[in-house]
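Colleague: Chains as they are written, first to last, in my numbering: chain A, 333 to 685; chain B, 333 to 685; chain C, 333 to 685.
Quick caveat, the hints were computed from the structure, so don't treat them as lab data. This structure is a prediction, so every number in the text was calculated from the model and none was measured.
Heads up, the list lumps identical chains together, so a pair's fine if it works in one copy or across two of them.
Here are the simulated lysine-lysine pairs, DSS-like style, with alpha carbons at most 25 Å apart:
# : residue 1 : residue 2
1 : Lys417    : Lys572
2 : Lys581    : Lys417
3 : Lys417    : Lys669
4 : Lys491    : Lys505
5 : Lys491    : Lys670
6 : Lys572    : Lys491
7 : Lys505    : Lys670
8 : Lys586    : Lys572
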Amino acid sequence: MRHLIDFGDLTRGEWDELYARAGKIMDDPRQYIDACHGRVMASLFYEPSTRTNFSFQTAMLRLGGTVFGFADPNSSSVAKGETLKDTIKMVSGYADVVVMRTPWEGAAKAASLYSHVPVVNAGDGGHMHPTQTTADLTTITRLLGGVDGLSVGLCGDLKNGRTVHSLIKALAKFEDIRFFLISPRELSVPDYMRAFMVENNMPFTEVTGLEAVIPQLDVLYMTRIQRERFVDPLEYERNKGIYILTRRKLERAKEKMLVMHPLPRVDEIAVDVDDDPRAAYFQQARYGMFARMSLLADLANQPRLERTEAVEIGTAPVCRNPRCITRTERYLPPLVKKNGSADCCAFCDSPLG
Amino acid sequence: MRHLIDFGDLTRGEWDELYARAGKIMDDPRQYIDACHGRVMASLFYEPSTRTNFSFQTAMLRLGGTVFGFADPNSSSVAKGETLKDTIKMVSGYADVVVMRTPWEGAAKAASLYSHVPVVNAGDGGHMHPTQTTADLTTITRLLGGVDGLSVGLCGDLKNGRTVHSLIKALAKFEDIRFFLISPRELSVPDYMRAFMVENNMPFTEVTGLEAVIPQLDVLYMTRIQRERFVDPLEYERNKGIYILTRRKLERAKEKMLVMHPLPRVDEIAVDVDDDPRAAYFQQARYGMFARMSLLADLANQPRLERTEAVEIGTAPVCRNPRCITRTERYLPPLVKKNGSADCCAFCDSPLG
Amino acid sequence: MRHLIDFGDLTRGEWDELYARAGKIMDDPRQYIDACHGRVMASLFYEPSTRTNFSFQTAMLRLGGTVFGFADPNSSSVAKGETLKDTIKMVSGYADVVVMRTPWEGAAKAASLYSHVPVVNAGDGGHMHPTQTTADLTTITRLLGGVDGLSVGLCGDLKNGRTVHSLIKALAKFEDIRFFLISPRELSVPDYMRAFMVENNMPFTEVTGLEAVIPQLDVLYMTRIQRERFVDPLEYERNKGIYILTRRKLERAKEKMLVMHPLPRVDEIAVDVDDDPRAAYFQQARYGMFARMSLLADLANQPRLERTEAVEIGTAPVCRNPRCITRTERYLPPLVKKNGSADCCAFCDSPLG
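Could you build the full structure based on these sequences and the hints that come with them?
Modeller: Quick look at the structure:
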């Protein structure tokens, strides 16, 4: 692996290797305190995301590496008056690995074309956030011993949640996963996700209530329901209690079930759940750091490419997604890829034509 | 010591140990350049305070440790949409020690209930700022050989100064301190501070002029008088010259007297004093860094608690101080402590009932 | 060398030493990864400059040193309510070297009077930016084997460009440099720069077109022409194409010519030039980092002065330059220096009287 742009690019073998190293780090972190000694990480956050930013920073620091960059485009003039290509050319001259978060879909892929060093996607708009998925899988594997054969409940807004869609796709790399999709009807998973689960022989059950299915779950993955997602706010008020996890609802869950959440939570998990041994969401944040350490221990130590390959110069964007990076960075090449049988933009994955 | 929330929590023995290590660091800083190797400090400044922030950061860096965090709530989304508890749970999963500055009184105490790692109070509103006090005591001890038996002049706004009140309370741990309290009548020390000095057998003299008492002092601690503190601005204009230290006024002071100031100064110490050997205020900032190094060398190396103790969940605040952290973080437990015979809020020390 | 305020202060021997160390670092960076272990750099950016800031930060980090500071005065309260002297006294108590960027001319010189540790000027308004010049010279020397005897084309806005003026002055330290000054007539070099080249026996040719002279050049240094610099915007539109470097224009250049640019570029170099082997502007940014490493490896390891010399206290500014640091920091001494035969302000170099 040279870059991490999309979790789907990883083979099962690459994931297993990544997790194995994360496990070693968790077992004995002192062994890794100089693993990135002398290495420098650029942390380019074109939109603020404190949790992800802190997690990457501390991952690098705990490997003995160092960090520079910006946490917000306002505190940096980089965002202004320069193409993404030029920024990446400069920054990859200073750094050994580049971590970037942007509001533009496909930006990390675009950066990887010009970078002299590995690029990690720390979230590109609504498109991908692969290290959230590595955090989730690390938590499950560490706490339950493995991922194969689990019953996974996904609860909340399953329509809009990038985290949830990524997790479903990632779980296709494992065996015998059964899903319980728990959401209001208006916020159920999109059709293409249903199609994906069918194609990959992943059985799923869709329900609108949490209490009835909770006893069957090995993992309960909670997400936030935003009031704004409802056409009718009254409908939100009527429904929200159903999707709030309380200590009382937990009583019927398995003793070893994990309660997970990508954080921040608002009120979808009651405070009285925090001291339950099944509450895994704060540990999940910490495991995310270890997963990122495993990733950086590899990528930040890769050799620098002094000369990058010439890239075709684009003249007009072929992708129609208004949030795609190719719409604003006009020199990007018109790359196309196949997702299944469909021609898609190689940056943002939107279907073309 | 697990956390440093209030200097008053330290025993004299703990202070002596802290200072002894600070002394060793000052004697030979190279011995400590790896004392925190592999350790990470979170620096959470919910309000800006550049001097304190720089002092803590450089303290950690000079021990071979590393730092992450934010310098200002605006540059962080942590401050929004999440409880203090959740932030501390996350951050103490990434860090080995948490340093925090907040505008809310009692916030550091609240954080310490949930943190997996030690918490240091870097100022919680008008309440406590214990490491300013350790900086002050380190300066005096280092430059005068000890604190016992000194005559200490406190000059300026003695009514509103948190720094001055903390220093008076801290000096109660020492023997034979004599105070000269030099201020305009409207800005003299509050009654409860006078009561404190009487209870602790600390003799004090209150005066309105600096020149008459300066020959008796071993330490002259200057603070700023803000024009806004005066009901009558003309009164301020008439008075301010009295409390400005100049080279001329210094002529009558002891040869070894220390001039101290918490910085920043505005005009309460004339520039021509800076080159006098008695001017200790810039060294004081540097000694503050060494004092913080001593503190962090201990706290950042303490074992992490994987599971924190369950904390009672509050439902309504018992404290009436509008700046108390319990007013906004409603889940905090209704903890009460005794200050003398009075029942006080265990977070902000305000009397209850 | 104790401070780096102005590249002109360096002797040719000091430059040679600086470059020799930069060369060693480039040949084997791993040898230097602990050269500043235990050393701390203050990075005080009173105005944002992301490229310069990143370059200094990564230079220090790659030497095993650490960094603190601010990237923007808004994110720091240091800029408010305190004199530059007091800030430098404090910061040089925490740091081993101070890097500062300010909008005020002469600010780095002023800081150097009070600092306990070396000061590096990272740009003081329109006055000096010596490490840009070290970056430029390092690039030329590294890629062409030396600077003596070269034909150097300077193209774009030669009237307002601080970078270009500094480079011309720096090249006076070398032998047999021939200049081609390529600019619209309204943006040609100022008279005092022409006088400087004459005095220093540096032959120069002024032209308004790039294509005719490009075959003669060893170095082509491109700079941006800002539309706002033209009295008549139509004139700008008519002219700008002449000063845009394209792959087509490059065809007639020498095979080993270097294309340089201080970055960021806007459109003065077409994207299709980037993959040409003569395009050196991204490498130039990277060489700038190595040049700064060489500088910091020396300065950050110099002994700290516990007591600085007493400095005369000024009472009224003698300099009339409204952007001079002496206009706002009134305590600065009225220092005068000779530039040639003219009495000049020792801070901002403006002629006096």
